[in-house]
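Chemist: Sequence:
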Amino acid sequence: MYISRNLDQWNAFLTMLQTAFEQGKAQDF
1 MYISRNLDQW NAFLTMLQTA FEQGKAQDF
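Using our numbering, you'd call the opening residue of the sequence shown number 1 and step up by one each time.
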């Protein structure tokens with residue numbers, strides 16, 4: 001189903017953003 005596949009891509013995008021944010025915080029310390 002197209003919508004669920006779109007949701008999977010959106011969830012992967014959010015996970016990537018969260019990971020990048022946490023890595024950015026870790027580099028600050």
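Keep in mind the hints are simulated off the structure, nothing from the lab.
Bear in mind that the values here come from a model prediction, so they are computed numbers and not experimental data.
The beta-carbon is built from N, C-alpha and C at its ideal position, and this holds for glycine as well.
Do not rely on the hints blindly, as some may be mistaken.
Now the in silico label distances, taken between C-beta atoms and shown as ranges [what the hints assert, rightly or not]: (1) TYR2 / ASP28: 26 to 32 Å; (2) GLN23 / ILE3: 27 to 33 Å; (3) GLN27 / LEU7: 28 to 34 Å; (4) SER4 / GLY24: 26 to 32 Å.
Chemist: Each hint should be assessed against the structure and marked as holding or not.
Modeler: Status of each hint after checking the structure:
Separated by about 40 Å at the C-beta atoms, TYR2 and ASP28 break the suggested range of 26 to 32 Å. Between GLN23 and ILE3, the C-beta spacing of about 30 Å keeps the proposed range 27 to 33 Å intact. In this structure, GLN27 and LEU7 meet the distance hint of 28 to 34 Å, their C-beta atoms being roughly 30 Å apart. Taking 26 to 32 Å as the suggested C-beta distance range, the pair SER4 and GLY24 conforms, at roughly 30 Å.
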